[in-house]
Amino acid sequence: MIDTVIEARGLTKLYGSHRAVDAIDVGIRRGEIFGLLGPNGAGKTTTILMMLGLTETSGGSVDVLGFDPVRQPLEVKRRVGYLPDAVGFYDHLTARENLRYTARLLGIPRHEAETRIAEAMESVNLAGVLDKRVSTFSRGMRQRLGIAEIVMKKAEVAILDEPTSGLDPHSTFELLEMIRGLKRAGVAVLLSSHLLDRVQSVCDRVALFNKGRIALMSTVVELANQVLGAGHPILVEATGTDIAATLRGVEGVQSVVAEGEGTWRVIADRDVRAAVAGSIVTSGGALTRLADLQPSLEEVYTRYFEEARRAA
Amino acid sequence: MRRKDASAVRRQGSPFTGFGPVFMKELADHLSSVRMMVLTLFVIAFGAFPVASSLQTLRTVVDPNSFLFLRIFTLEPEQVGISFIAALNFIIPLMAIGLGFDSVNSEFNRRTLSRVLSQPIYRDALLLGKFLAGLATFAVALVALWLIVVGAGLILLGVPPRGVEVARGLGFLVVAVAYGGVWLAISMFFSVVFRSTATSALCSLGLWLFFFLLWPQIASAIVSGAAPSEIRSLEEYAAIQDMAMGLMRLSPGTLFSEAVLGLLSPETRTLGPMLPAQMRGAIMGAPLPLDQSLLLIWPQITGLIAGMIVVFAAAYVVFQREEVRA
Chain A
15 MIDTVIEARG LTKLYGSHRA VDAIDVGIRR GEIFGLLGPN GAGKTTTILM
65 MLGLTETSGG SVDVLGFDPV RQPLEVKRRV GYLPDAVGFY DHLTARENLR
115 YTARLLGIPR HEAETRIAEA MESVNLAGVL DKRVSTFSRG MRQRLGIAEI
165 VMKKAEVAIL DEPTSGLDPH STFELLEMIR GLKRAGVAVL LSSHLLDRVQ
215 SVCDRVALFN KGRIALMSTV VELANQVLGA GHPILVEATG TDIAATLRGV
265 EGVQSVVAEG EGTWRVIADR DVRAAVAGSI VTSGGALTRL ADLQPSLEEV
315 YTRYFEEARR AA
Chain B
4 MRRKDASAVR RQGSPFTGFG PVFMKELADH LSSVRMMVLT LFVIAFGAFP
54 VASSLQTLRT VVDPNSFLFL RIFTLEPEQV GISFIAALNF IIPLMAIGLG
104 FDSVNSEFNR RTLSRVLSQP IYRDALLLGK FLAGLATFAV ALVALWLIVV
154 GAGLILLGVP PRGVEVARGL GFLVVAVAYG GVWLAISMFF SVVFRSTATS
204 ALCSLGLWLF FFLLWPQIAS AIVSGAAPSE IRSLEEYAAI QDMAMGLMRL
254 SPGTLFSEAV LGLLSPETRT LGPMLPAQMR GAIMGAPLPL DQSLLLIWPQ
304 ITGLIAGMIV VFAAAYVVFQ REEVRA
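Chains as they are written, first to last, in our numbering: chain A, 15 to 326; chain B, 4 to 329.
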């Protein structure tokens with residue numbers, strides 16, 4: 015079932031004559047994690063703000079859960095949770111009071127709000143600091159509190175702007191786990207980031223932003239195929255016979271490149287690991303390592319922008 | 004900006020959605036803040052001295068017909084040289100600026116603004132909620148102060164105020180709240196325009212000092228520059244006086260002091276120069292009835308309230324166009 019929750023068509027934002035966002039088309043489906051990737055200033059945050067109706071569009075249209083953020087911002091904002099870049103809370107209030115304020119703004123009845131707040135804080139492992147002032151919170155805890163706000167809101171769509179920037183590896187891991195938790199709860203997640211390896215592990219699909227345009231949009235693997243060339247790379251470490259020749263003999267192998275002493279990088283048109291292992295062993299070689307080289311988003315990204323710069 | 008047709012861009016939902024929670028939160032923040040305590044102490048310290056001195060002087064007065072209670076406010080004791088309302092004229096702007104100078108830009112700096120605005124409320128509700136919460140806080144402080152003064156008067160003078168004195172006192176409260184509202188709106192305007200709280204505080208305070216120290220001199224300089232070298236008739240003299248008054252009345256402080264003068268000094272018959280024609284049939288020093296006093300200061304009250312609304316509207320327009328990204 016393909017059910018689009020956010021649909022942008024020809025979405026444009028002008029700041030003077032500068033096209034911050036230039037006629038982008040993007041669709042986000044229910045229950046997926048969608049990554050908006052790109053360098054700082056590529057138009058990611060502006061796109062997000064237009065989807066929320068927090069900034070006016072200069073052209074094109076957005077549809078969020080069947081509502082127009084320009085004309086019906088309240089309906090959109092009631093259903094969409096937003097975690098801004100470096101989210102802030104009222105420092106002089108406790109976590110509970112902060113969430114209570116949000117609950118009042120949402121018009122959630124008081125007794126229901128209390129249970130929702132407790133549940134939400136439980137889900138982000140912050141139940142222990144519910145009555146602590148936010149001024150004592152670390153950055154990671156503030157981000158988690160932001161996620162708790164979205165959980166409490168029971169949002170259908172969560173929009174997270176740079177959720178992992180400035181977090182230590184452990185906090186990042188925890189936060190990504192919570193984002194997966196949102197997905198399990200059926201929430202469509204749109205997240206923007208320039209930290210690629212972190213995002214790669216959670217995103218179902220990504221869009222690569224460059225100068226206000228979506229340069230590429232697909233799953234991570236397809237992107238890799240587009241940018242790095244088709245093929246399934248594997249890494250082979252073996253000794254014994256003429257490994258390179260043996261590898262070339264395997265059906266489907268397109269190229270074999272020596273990467274060092276006893277190490278080869280093999281590109282094939284499909285996953286040939288079983289065939290490679292079989293042929294090395296039958297030819298009398300000793301296979302010490304056989305690894306599937308996942309295309310890294312970082313590689314895709316670097317390569318893409320290198321090419322874009324060269325083309326410019 | 005692109006506009007298709009009026010109905011296509013009209014936003015849906017009440018602009019006041021979420022006004023209540025914003026108002027309540029801001030009010031709670033103000034009333035529990037240290038800043039509020041400091042401001043209140045400040046006002047009490049400034050007001051207590053003139054009031055105490057006035058009461059000392061008034062205890063010796065035995066004229067039952069004079070508006071004894073109102074004179075607590077207006078009397079200029081010799082030792083202090085400043086009446087209670089003159090002190091308030093000076094201190095109310097400071098208090099209002101203290102309540103408003105960081106109301107919007109602090110939300111930017113704490114990065115709470117985009118998060119709050121991503122909840123189902125319009126900016127209208129946020130700004131109006133903040134403004135009215137500030138005004139309510141200010142009114143609470145002012146009423147408390149007024150009650151303290153009246154209470155001290157009751158105890159120390161031993162005479163209850165007459166009904167008309169209470170009515171004039173309440174009118175004074177309304178005027179004072181409107182005056183505070185003007186300055187609150189001004190300080191909120193600067194808090195919308197400037198991202199830095201220090202800059203916005205500086206601008207508000209600068210404007211306050213400008214109106215208090217510089218404006219009277221600038222106004223008289225303009226008048227003496229515009230006036231003919233030789234005044235030939237009474238009409239000419241009256242025109243110059245009118246111009247001077249008009250310029251001075253651009254300052255909210257002038258409007259406040261004139262309105263308060265009309266209310267608290269019932270014998271005031273005119274706020275401008277008095278022509279002989281106006282004196283005909285008048286008994287010197289006889290108080291005007293309340294409705295006549297109100298009529299006299301009606302333009303001042305309207306001016307203050309209009310000024311408050313105009314400045315707030317300007318802040319509102321700027322805020323609506325502001326980008327929320329920090």
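These aren't lab readings, by the way, just hints derived from the structure by calculation.
Careful, some of the hints might be misleading.
Quick look at which bits of chain A chain B covers, simulated, 3 or more residues with Cβ under 8 Å [said to hold, decoys possible]:
id, stretch
1, 61 to 68
2, 85 to 99
3, 283 to 296
None of the values given here were measured: they were computed from a predicted structure.
Don't be surprised by glycine CBs; every beta carbon is placed ideally from N, CA and C.
Each hint, compared with the structure:
Remark: the stretch 61 to 68 of chain A is confirmed as covered by chain B, as 3 of its residues place a Cβ nearer than 8 Å to a Cβ of that chain, reaching the required three. Figure legend: the stretch 85 to 99 of chain A, annotated as covered by chain B; annotation consistent (13 residues with Cβ-Cβ distances under 8 Å, at least 3 required). Residues of the stretch 283 to 296 of chain A with a Cβ under 8 Å from some Cβ of chain B number 0, which does not satisfy the need for three, so the listed coverage is violated.
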